[in-house]
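J.: What follows is each chain in one-letter form.
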Amino acid sequence: MSHNTFLYILIMAFTTYLIRVLPLTLIRKKIRNRFLRSFLYYVPYVTLAVMTFPAIMDATSSPIAGAAALILGIVMAWCGAGLFPVAVACCVVVFVLELFIK
Amino acid sequence: MTSDNKNSQHLFLAGVRDGLPIALGYFAVSFALGIMAKQAGLSPFQGFLASLLTNASAGEYAGFMVIMEKAGYMTMVIMTVVASARYFLMACALSQRFDPKMPFVHRLLIGFNLTDEIFGAQIARPGYVAPRYTYGLFVLPLMGWSTGTMLGIIMGNLLPAGIVSALSVALYGMFIAIIVPPAKQNRVVLFGVTASFIMSFLFSRLPVVSGMSSGTRTIILTILIAGVLAALFPVKEESEEEGEHES
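Going down the list, the protein sequences come from chains S and Y. The opening position of the first sequence corresponds to residue 1 in our numbering, with each subsequent residue numbered one higher. The opening position of the second sequence corresponds to residue 1 in our numbering, with each subsequent residue numbered one higher.
Hint data in this document are derived by calculation from the structure and do not stem from the laboratory. Note that the coordinates shown come from a computational prediction; the quantities given were computed from them, not determined experimentally. Even glycine gets a Cβ: it sits at the ideal position worked out from N, Cα and C. Hints may contain errors.
[As the list claims (entries may be wrong)] With a cut-off of at most 16 Å between alpha-carbon atoms, the simulated EDC-like pairs for lysine to aspartate or glutamate come out as follows:
id, chain 1, residue 1, chain 2, residue 2
1, Y, Lys70, Y, Asp99
2, S, Lys30, Y, Glu69
3, S, Lys29, Y, Asp99
[To be verified] Covered by chain Y, per the in silico footprint, the following chain S stretches (three or more residues, Cβ under 8 Å):
id, region
4, 14 to 21
5, 38 to 51
6, 66 to 80
7, 87 to 99
[Stated by the list, open to error] With beta-carbon atoms standing in for the labels, derived distance ranges:
id, chain 1, residue 1, chain 2, residue 2, range
8, Y, Ile35, S, Ile71, 25 to 31 Å
9, S, Pro63, Y, Gly127, 38 to 44 Å
10, Y, Ile35, S, Ile101, 39 to 45 Å
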């Protein structure tokens with residue numbers, strides 16, 4: 001059985017769209033249930049944190065460089081730096097450290 | 001309701017501005033994704049199309065694996081659902097930030113590009129989600145993500161490894177910048193983020209659970225940790241009527 005790459009791509013795109021748009025369209029009211037409201041309030045922070053660590057250490061050639069980027073990013077964001085400066089600083093610290101760590 | 005043109009233009013441009021760092025990060029990451037897509041046998045146009053239509057990092061990575069292995073179409077559906085299920089939770093959360101009076105079509109359009117970072121930028125703003133701000137936010141990341149994938153397929157092998165390695169942390173830097181400010185203001189969020197780091201580390205190293213895909217681990221940990229936080233520290237009923245309204 002032959003497989004068509006374009007069909008794969010369309011299936012991937014459409015499935016992803018449904019995952020996103022079903023909750024957006026089906027949940028039309030404010031959720032009153034306190035537990036559910038609290039759960040949805042915490043979801044974004046938890047999920048982003050879970051995705052960041054330890055993945056940031058596995059993304060770089062050297063785990064130490066990834067860990068350094070994590071620490072620098074947290075300190076900078078804690079001190080009020082925005083998305084872009086934090087992202088650039090993380091990249092720079094990885095690039096510089098990996099020049100020395102082999 | 002009077003539609004204030006100047007205000008809506010301002011909202012759109014504010015979105016475009018906030019989209020710039022996201023787009024740069026996307027470009028770097030999708031470039032790496034393009035290298036992977038090339039191994040799966042995708043042409044530059046196919047990679048461009050896949051990224052323009054799908055807009056999912058882990059989801060596309062999983063999808064390209066399916067294409068590379070020439071697995072069945074049903075496998076593609078299942079892998080996509082598992083790798084991108086977190087968007088389902090984000091969309092549930094975002095649905096609570098819509099103005100009940102907002103025209104329905106905006107829900108269909110905003111759903112097209114609900115990514116981690118765009119979700120983060122939206123919830124970082126107070127009040128109801130402003131559709132025009134969101135569309136402004138979409139513009140540059142859509143371009144960066146799709147062209148990055150295409151260029152990764154065309155010239156991925158030319159870039160030095162040190163640059164690729166450095167670029168790969170750009171997205172994590174953005175995640176950090178999204179979660180740290182609320183953690184600084186709210187002790188429960190700070191506790192939740194710390195617990196997430198620890199649990200996520202343990203899950204990636206312990207036997208059995210570390211064998212699961214990272215997408216599956218993300219879903220399990222999110223439901224577990226956010227569920228415990230919600231049970232122990234329910235959020236107070238806020239007055240949500242204050243905030244920005246868009247005509």
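J.: Now, for every hint given, state plainly whether the structure supports it.
T.: Tested hints:
With a C-alpha separation of about 44 Å, the suggested pairing of Lys70 of chain Y with Asp99 of chain Y is violated against the 16 Å cut-off. A hinted pair counts as satisfied when its Cα atoms are at most 16 Å apart, and Lys30 of chain S with Glu69 of chain Y does not qualify at roughly 43 Å. Distance hint between Lys29 of chain S and Asp99 of chain Y is fulfilled; the C-alpha atoms sit about 10 Å from each other, no more than 16 Å. Given as covered by chain Y, the region 14 to 21 of chain S passes the check, having 6 residues with a CB less than 8 Å from a CB of that chain where 3 are the minimum.
Coverage of the region 38 to 51 of chain S by chain Y holds. Counting CB-CB distances below 8 Å, 14 residues qualify, and the rule asks for three or more. Counting residues of the region 66 to 80 of chain S whose CB falls under 8 Å from any CB of chain Y gives 9; the rule of at least 3 is met. Closer than 8 Å: that is the beta-carbon criterion, and the region 87 to 99 of chain S has 10 residues meeting it against chain Y, so the requirement of 3 holds. Under the hint 25 to 31 Å, the C-beta atoms of Ile35 of chain Y and Ile71 of chain S, about 28 Å apart, fit the expected range.
Separation of Pro63 of chain S from Gly127 of chain Y is about 40 Å and conforms to the stated range, judged on CB atoms against 38 to 44 Å. Checked against the given bound of 39 to 45 Å, the beta carbons of Ile35 of chain Y and Ile101 of chain S, roughly 23 Å apart, lie outside it.
In this structure, the earlier hints numbered 1, 2, 10 are contradicted, and the remaining ones agree with it.
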